[in-house]
Amino acid sequence: MENTVDVYAQGIDEQGFILEVLQETLALTRRLYLQLLRRPSTLVAGIIQPLIWLVLFGALFSKAPEGLLPGGMTYGRFLGAGVIVFTAFSGALNAGLPVMFDREFGFLNRLLVAPLRSRSSIVFASVIYITSISLLQSLVIMGTASLLGYGWPGVSGLLVVLLILLILVFAVTALSLGLAFALPGHIELIAVIFVANLPLLFASTALAPISFMPTWLGWLAAINPLTFAIEPIRAAYGGPLDLGITVLHAPYGDVNGYGCLSVLMGLTIGLFFLIRPLMNRKLA
Amino acid sequence: MPVIELHELEKSYGSVKALQGLNLQVPKGCLYGLLGPNGAGKTTAIRIICTLLSPDSGKVIVGGVDALSHPRVVRRSLGYVAQEIAIDKILTGRELLQLQGDLYHLATSQTSLRIRELVERLGMQTWIDRRCGSYSGGMRRRLDLASGLLHRPELLVLDEPTVGLDIESRSVIWQLLKELISNGTTILLSSHYLEEIEALAQRMAIIDKGRVIAEGTAEQLKQQLGGDRVTLRVREFSDEKESEMVRTLLNRIEGITQVVINQAQGFSLNLVVDSEQVLPRIQEELNKAQFPIFSLTQSRASLDDVYLQATGKTLMDAELEVASQRDLKLESKKAMR
Ligand SMILES: Nc1ncnc2c1ncn2[C@@H]1O[C@H](COP(=O)(O)OP(=O)(O)OP(=O)(O)O)[C@@H](O)[C@H]1O
Ligand SMILES: [Mg+2]
Chain A
1 MENTVDVYAQ GIDEQGFILE VLQETLALTR RLYLQLLRRP STLVAGIIQP
51 LIWLVLFGAL FSKAPEGLLP GGMTYGRFLG AGVIVFTAFS GALNAGLPVM
101 FDREFGFLNR LLVAPLRSRS SIVFASVIYI TSISLLQSLV IMGTASLLGY
151 GWPGVSGLLV VLLILLILVF AVTALSLGLA FALPGHIELI AVIFVANLPL
201 LFASTALAPI SFMPTWLGWL AAINPLTFAI EPIRAAYGGP LDLGITVLHA
251 PYGDVNGYGC LSVLMGLTIG LFFLIRPLMN RKLA
Chain B
285 MPVIELHELE KSYGSVKALQ GLNLQVPKGC LYGLLGPNGA GKTTAIRIIC
335 TLLSPDSGKV IVGGVDALSH PRVVRRSLGY VAQEIAIDKI LTGRELLQLQ
385 GDLYHLATSQ TSLRIRELVE RLGMQTWIDR RCGSYSGGMR RRLDLASGLL
435 HRPELLVLDE PTVGLDIESR SVIWQLLKEL ISNGTTILLS SHYLEEIEAL
485 AQRMAIIDKG RVIAEGTAEQ LKQQLGGDRV TLRVREFSDE KESEMVRTLL
535 NRIEGITQVV INQAQGFSLN LVVDSEQVLP RIQEELNKAQ FPIFSLTQSR
585 ASLDDVYLQA TGKTLMDAEL EVASQRDLKL ESKKAMR
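These protein sequence lines are chains A and B, in that order. Residues 1 to 284 in our numbering are what the first sequence spells out, letter by letter. Residues 285 to 621 in our numbering are what the second sequence spells out, letter by letter.
These are calculated hints, taken from the structure and not from any lab test. Some clues are possibly wrong.
What the hints assert, rightly or not - Once the Cα atoms are required to be at most 25 Å apart in a straight line, the calculated BS3-like pairs of lysine-lysine come out as:
1. B/Lys462 with A/Lys282
2. B/Lys506 with B/Lys462
3. B/Lys301 with B/Lys343
4. B/Lys493 with A/Lys282
5. B/Lys525 with B/Lys312
Could you build the full structure based on these sequences and the hints that come with them?
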C-alpha cells in the first residue's frame, strides 16, 4: 500500500473522455451479460414464449379459407411479422427491471459514488444489453418461422427488419428505463409491463389485419406503434423490398414503408427527450 | 488544511430534521470517529460527504474542493463503505472488484494487481471467486472494504463497518484501518460502539440529533468533563429506598458534584467528584450513618460519561428512544434514487 501510484493523475485529466465512457459502459454491460449467463431463464422464456405463439396461433388458423388475408398469404406467414415485433417489444419493455432492482437494493448507490465520466453510461449499458438480447431473440424466431415454412425476408429485407426492430427497441427501452426511475418500486413496474403487454398486442395488426377489426379497434391498431413496425416487416417478408409502397391501409389513409419508419423514429426521439429530464434528476 | 469541512449542514426528510447545523472538521491523516446513537444523523452526514445526497443548506468541502459543485472530483479521491451492503449476488467477489476498477477508470493491469494485493491483505483467497450471494456478513464487509480501497483513495469513509461482525473479520478490518492510517490515508468512521471509537480514533465528534455536541481527542473530551467518577455500592443489591437515603447523605458532602442512581446495576450510585480527597470523607460519613460499604471504586471519565454528560442520557437509552420512532421501511424507500 506504500508508494501509491497516483492512478488518476495519469488517466483522468480531462482527456480520454470517450475512452472512459466506453470503459464504464462496457463494464456495466458486462455485468448484465454475466447476470444473464448465470440466470438464463428469462432469455429462454423470452424465446420459448413467442415460439409457442407462432406454432399454436399459426396452427389455429391454418385451415382459414385461402385469399382471406391481404395478398393471399398464409396465416403463419402473416403471423410471423407480428410475433417478431412482439418479441422485441416485450423484451425491451423489461429493460427497466434490472435498473429498478439496482435502485431498490442500493446497488445504484455504488455506481453513483463512483466518478463515472457520464452517468448516461448506466443508460447506455441497458440499451446495449437489451438491444442485443432482443435482436437475438428475434433472429431465433425468424429462423424458426422460416423452418416452419413461413418464409424468410432475404438479405436486404433482413436489414430492414433489423433496422425497424432496432428503432422500436430503442423507443421501448427508453420508456421502460423512464418508468424504472419514475415508479416507486418493481411491483409497480411489473404491473405496468403486465398491463401494457397484451392490449398493445391485440390492438395491433400482429394477429389480424385492420380489415378484420371493428372501426374503433381499427383506429387503435392504426395508431399503435407496434403496427408501424409490423407492417413494413410483413412487407419485407412478402416480396422484393420497396419501402415506397403502401404497407398500411389505415382509416386515415395509406402509409408507406418510409412513413412507418419515420413514425417509429419520431417516437424514439420523442421518448428519449421525454425521459431525459427525469434521468438527469434521478442520476444527478 | 482539513480533509473534510462541513459548515452548518441542514437536512430534513419531510418533517424529520436529520441534520440541524452540523459543523465538522476532519484533519488530514487521522482516523476520525463519528459517534452517536441510532438516528443521530451519522449516515445522513456521510452520504452528503460522499456526494450521494445534497444538504438543504450548508457547505461541504472535501479535500479542499466544494463537493456540491464538483462532486466528481470528490468521488475520485474518496472510498465509501456503506452501512447497508449492496452487492450483486450473481457476480463473484472478483468480478465485482473488476467492475469497480472500471468505474474508477483503472487500467486492467492496475485493477488485477490491486485485487491481488487486497485479496491477500484481507484474507479473501478462498472465497473471492465464489458468488457474492453465498458470502457471510463478514465476507461481504471485507469485500466492501476492498472495493472501497481499490482505487487507493486518500479519504476512506466507513459507515458502521463492524456492526454485527464476527471477531475475526472485525480484527482484520481494524488492523487494516490502522495500517492505512500509518500510510497517510484519512479515515472517517461512524459507529455507535464506544470501544471501537476509543480503540481506533484519534479524534472524534459526538453527534446527537443532527448536531455535534462534543469534539476532540478522547483525552480532551474526558478532561472537559472534569472530575473523577466514583461508583459506590452499599451492598451488592441495594434497593431504591436505601439508595435515596445515601444520596441525600452524599449531597451534603462538599466536593461531590453529581449523584446518579443507577437502577440497572442494583441501585448503585454514580458520583462525580472534584478530587480523590473526597473518598475518605465519603467513607467517614457512611460509617457515621451506619451504612455498610460493599464497594467504592474510582475511575477516570469514560466516553460513555461524556455522552451522558452531553445529552443527559446514556447511549443505550438514546438508542431505544429513537428506535421506537423510526419507520425503517419508509426510510429505505425514500433513500432510493
Ligand atoms: N430516507 C429517509 N427518509 C426519512 N427519514 C430519514 C431517512 N434517512 C434518515 N432519516 C431520519 O433522519 C434521522 C437521521 O438518520 P441517519 O440514518 O442519518 O442516522 P444514523 O446516525 O446513521 O443512525 P444509525 O445509527 O441507525 O445508522 C433519523 O431520525 C432518521 O429516522
Ligand atoms: Mg446510519
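Evaluated hints:
1. Among the hinted pairs, B/Lys462 with A/Lys282 is inconsistent with the structure: their alpha-carbon atoms are about 37 Å apart, more than 25 Å.
2. As the CA atoms of B/Lys506 and B/Lys462 are separated by approximately 23 Å, the hinted pair is consistent with the 25 Å bound.
3. Distance hint between B/Lys301 and B/Lys343 is fulfilled; the C-alpha atoms sit about 17 Å from each other, no more than 25 Å.
4. For the hint linking B/Lys493 to A/Lys282, the alpha-carbon distance of about 28 Å lies beyond 25 Å, and the restraint is violated.
5. For the proposed pair B/Lys525 and B/Lys312, the alpha carbon gap of about 53 Å is over 25 Å, so the pair is violated.
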